[in-house]
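Given only the sequences and the hints, what does the whole structure look like? Please build it.
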Amino acid sequence: MTSWPRDEQFGTASSGKIGMWIFLVSDALSFAGLLLAYAILRGGAVLWRHPGEPPLGVNFTAGLTFLLICSSVTMVLGYASALDGRRREASVWLALTALGGVLFLCGQYQEYFGIWSPGLTREGLVLGGSAYASTFYVITSFHGAHVLSGVVFILVTLVRWLRGTATSAQVELLGLFWHFVDLIWILVFTFVYLLP
Amino acid sequence: MAHASRRLYLAIFVALAILTALEVGLIYLPGIARGPMIAALVGVAIVKASLVGLFFMHLRDETRALKLTVAVPLMTPGLYAVILVAEAGWRLLP
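Residue numbers (the working numbering), protein chains in the order written: chain A, 1 to 196; chain B, 1001 to 1094.
In case anyone wonders, no lab produced these hints; they're calculated from the structure.
Keep in mind the model is a prediction, meaning the values are calculated, not measured.
Be aware that a few hints might be false.
[As the list claims (entries may be wrong)] Residues from chain B that face chain A, not an exhaustive set, calculated with beta carbons under 7 Å:
(1) Thr1020
(2) Val1024
(3) Ile1027
(4) Leu1054
(5) Phe1056
(6) Trp1090
[Stated by the list, open to error] The calculated EDC-like cross-link candidates involving lysine to aspartate or glutamate, where the alpha carbons are at most 16 Å apart (straight line), are:
(7) A:Lys17 to A:Asp7
(8) B:Lys1067 to A:Glu8
(9) A:Lys17 to B:Glu1087
(10) B:Lys1067 to A:Glu53
Ideal Cβ positions, reconstructed from N, Cα and C, are used throughout, including at glycine.
Right, dumping it as structure tokens:
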């Protein structure tokens, strides 16, 4: 594990970790801006969901939420294994995390465009059609872009880990990003899908 | 830095799963007014997000300076949200 000289303010946190946290805070503010815009639009709307627009699938998305929570657990277990020097075990956990991300993206594709049943786009929820539709697509696709970036980040780190060029500290940075994606989805799920 | 054990990670996972089920169950419960329902859902979401941040992202184990670096900027949109809700409530007053 990479050792780092102890700082009076930030302890043993590496510059990489501090940088990742600052990036995540700035990214969180982007999501906060979108969610606040959503709240203002929804709060000021006389009619939020127009006739002909479908409701959002809460039960299906609850499953996706559970999937993302599972992938957060596999990520943190991967980091714990990496920290303990269990390289093979850490690789398996990271691969499972990437699989969770890919399944989440497939779920989002099903929700938008439909695979085994018609998606929201075919049911009448059209981007630009209403504030309800546009805020839904903008917020969830912005999050989806984060999931996609996270999956690529995991796969790159996994390859480097298998080659022996990645450290447990780098797996920790990856974990920070992935848990952030999960944390943001927890808020998006509540605000966009659950609030009455 | 001391990190949580695997057992604790799994306990957090179970808590997150139960809270998610609770959230979804809540919206199907009849007879709950909109205001308390929104307060409950937002409260549960904040608890879930905090669990992820504190335990999975290990913020609990970081120094006070790093915790403040993260928490203080995130209070700004929270404060703005409170102002928005207060302003909406003010407009609805007779």
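Hint check results:
With a least beta-carbon distance of about 6 Å to chain A, the hint placing Thr1020 of chain B at the interface is held under the 7 Å criterion. Hint on Val1024 of chain B holds. Least Cβ distance to chain A is approximately 5 Å, under the 7 Å limit. Interface hint status for Ile1027 of chain B: upheld, as the beta-carbon distance to the closest one in chain A is roughly 6 Å, under 7 Å. A distance limit of 7 Å between C-beta atoms decides the matter here; for Leu1054 of chain B the minimum to chain A is near 11 Å, and the interface restraint is violated.
For the restraint placing Phe1056 of chain B at the interface with chain A, the shortest Cβ-Cβ distance is roughly 5 Å, inside the 7 Å limit, so the hint holds. Of the supplied interface hints, the one on Trp1090 of chain B is violated, with its beta-carbon coming no nearer than about 12 Å to a beta-carbon of chain A, more than 7 Å. In summary, the hint linking Lys17 of chain A to Asp7 of chain A is supported, as the alpha carbons are separated by about 13 Å, within the 16 Å threshold. For the hint pairing Lys1067 of chain B with Glu8 of chain A, the CA-to-CA distance comes to about 14 Å; that is within 16 Å, so the pair holds.
As the CA atoms of Lys17 of chain A and Glu1087 of chain B are separated by approximately 38 Å, the hinted pair breaks the 16 Å bound. The suggested pairing of Lys1067 of chain B with Glu53 of chain A is violated, with an alpha-carbon distance near 43 Å, which exceeds 16 Å.
The earlier numbered hints that this structure contradicts are 4, 6, 9, 10.
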